[in-house]
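Engineer: Sequence:
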Amino acid sequence: MSNETKTPDKFTIINELARRRGFFWQSYEIYGGVSGFVTYGFLGAKLKQNIEKKLRELFVNKLGILEIESPVISPSKVFKASGHVDHFKEPMVECSKCKKRFRADHLLQEFAKINEAETEKLSLKELKEAIEKHKIRCPECGGTFGEPKYFLTMFKTTIGPYSEAVGYGRPEAAQGIFVEFRRLYEMAREKLPFGVMQIGHALRNEISPRQGLIRLREFTIIDLEFFFDPEEPNCFLLKDFENETLRLVLAESKLRGSEEIVEVTVKEALEKSYIKAEWQAVFMALAKKLLVDLGVPAEKQRFIEKLPWERAHYALQSFDQEVYVERWGWVEVSGHAYRTDYDLKQHMQFSGADMRVFKEYEKPVETEQTVIKPLMAKLGPVFKEEAAKVAEMLSEADAEEVEASIKKSGYYMLGKYKILPEYIEVMCQKVKERGKRFIPHVVEPSFGSDRMVQFALEYAYRVKDDRAILSFPRDIAPIQIGVYPLMNKNGLSEKALQVYKMLLNEGFTVEYDEAGSIGRRYARADEVGIPLGITVDYETLNDTTVTIRDRDTWKQVRSRIEDLPKLLHEYFHWKADFEDLGKPFEG
RNA sequence: GCGGUCGUAGUCUAGCUUGGCUAGGACUUCGGCCUCCCACGCCGACGACCCGGGUUCAAAUCCCGGCGACCGCACCA
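Numbering (the numbering used here), first residue to last: 56 to 642.
A couple of the hints might just be wrong.
As the list claims (entries may be wrong) - Derived lysine-lysine pairs resembling DSS-like cross-links, with alpha carbons at most 25 angstroms apart: (1) Lys117 with Lys246; (2) Lys132 with Lys204; (3) Lys485 with Lys117.
What the hints assert, rightly or not - Label-pair distances were calculated between CB atoms; the ranges are: (4) Arg382 with Lys610: 29 to 35 angstroms; (5) Arg517 with Glu625: 22 to 28 angstroms; (6) Lys439 with Asp284: 47 to 53 angstroms; (7) Glu641 with Asp521: 20 to 26 angstroms; (8) Lys65 with Lys610: 23 to 29 angstroms; (9) Lys327 with Phe413: 33 to 39 angstroms; (10) Thr94 with Thr599: 38 to 44 angstroms.
Simulated from the structure, these hints should not be mistaken for lab results.
Each residue gets a CB set at the ideal place from its N, CA and C atoms; glycine is no exception.
Assemble the whole structure, with the sequences as input and the hints as a guide.
Structural biologist: Rendered as structure tokens:
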């Protein structure tokens, strides 16, 4: 604990509030705590669920997205194929004198002026040699460096009792979707475009995670893989979103050293090809809307384009959606990557499974093709045991090239084999193609669930009369309604409990509180962001009306108990405002 | 992982220099009183020296190690 009398910043206050009221806290506290792991209390868990629900409402239903759940542990092959084993690591060297660690490639870039594209290709051995060749010493103390070593940011484990069966904890949920592509495509009734989403835990062994919910070693990721035909890249929802504005920081600005924000409509962004894929632009517009719905104003959001060397290995173009927070400035909340056919192609290559889809032409295309037919009766006697091999090579050879060569010089050199005209028959074959096979392209919006929780808290937090209030949008508040007897006697609590039970049966998330003064209970409720408070007072006993209190304005209205279910359902579905809930009441 | 600062109830903190503690206070929480609508007041209760080792008759206090936090460096495909 520091002695400084600095006033704590918003992040500190929110994390303290979160811990005190049970939104979330660092896990394993009784053993001293481990950074990068967090436990959500029931308020936090509920808030997170509500945020995820909100995302589902926006992304899943309208687009017919299929939601799945796949394992966290995968066999090593999956992440070898995906490229993570190769890319999800950093070469580090340690100074033998002061023990400081540096990125080996960064040292070469800085002190030997070797560019990034080249340092990336170097092996550990080559890195070591390059460091020695350029006589690079520790920039801190001038000491020499030890052997370069990779730091792998994936969690590694073994599957079953055999240590050679290496498994990895997934650093993203996307691969769980790609590896199941064939089955999922079938479930999507073999039609493009379609999307698959999953919400689940992911693991990254961060070197030093210390920013609360912003950087965790185990976190909840939401990956949505949207598959489409690159020849039909049009988005059928574009009309609905083309006039939405996006605030972009383009790579070209960043190259000029500027973080200038250009504000354009979705339509303009596509016309000026700031964004390459229509679907990606629409997902970005949806992502912006999601964060607005979570309470983050549009002007506190931006999309920043990644420079080529900043991009993940799979991405052709990618934008990070960032939210401005007081403590750290702009922080990523979602990534929007155009992954092309990279992942499916890799898995196709590594697994041998065919990841292509079949697309039928409107009319079958008939083409005439020149085909070489090897005549085994001739090849056999000439090439003996090599005849089969020659025949195979022939059928794979370019027929037109063979034909041309024979016409020109009377023979064709197939590698070291001399092919004479009589060995083959050149035929003209009519081929009817009904369609073609191709690997779909993918755009991926990917959200950090925990960060959305953090940002929802940050933007919900305000102070009124020295009291903390979490002004969550009403549909993500963990608790919807508080029910309070004005006093704890004369039958008020019995009546309040009736109201409480009635609202529970109506499906609301309700809390009953009779402890302490009414003002204290309102304050407690404000602090966890309960939008409405219902108070049973002496008038209730006469005319069965109660007061309803608004968290944000502290205003109150009066309504009949029997009208509550209808009014409240409307309120929480944004079909009614607070003023519509009853007659104004002065306490 | 390195360097600096630091670790006392749910929270904020006093005590540490110079060892003597039955560890003090405030807020919160819980129980009670008060016709009580914005953390009112009054009575009462629960609750802590980060962990381990050492020095000592005696350790919250001194020493060593570990763990954790904050800030900076590095890292964040």
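Engineer: Hint by hint, say whether it matches the structure.
Structural biologist: Cross-check of the supplied hints:
no., hint, result
1, Lys117 with Lys246, "16 angstroms, holds"
2, Lys132 with Lys204, "22 angstroms, holds"
3, Lys485 with Lys117, "45 angstroms, violated"
4, Arg382 with Lys610: 29 to 35 angstroms, "33 angstroms, holds"
5, Arg517 with Glu625: 22 to 28 angstroms, "26 angstroms, holds"
6, Lys439 with Asp284: 47 to 53 angstroms, "49 angstroms, holds"
7, Glu641 with Asp521: 20 to 26 angstroms, "23 angstroms, holds"
8, Lys65 with Lys610: 23 to 29 angstroms, "26 angstroms, holds"
9, Lys327 with Phe413: 33 to 39 angstroms, "35 angstroms, holds"
10, Thr94 with Thr599: 38 to 44 angstroms, "43 angstroms, holds"
In this structure, the one hint that does not hold is number 3.
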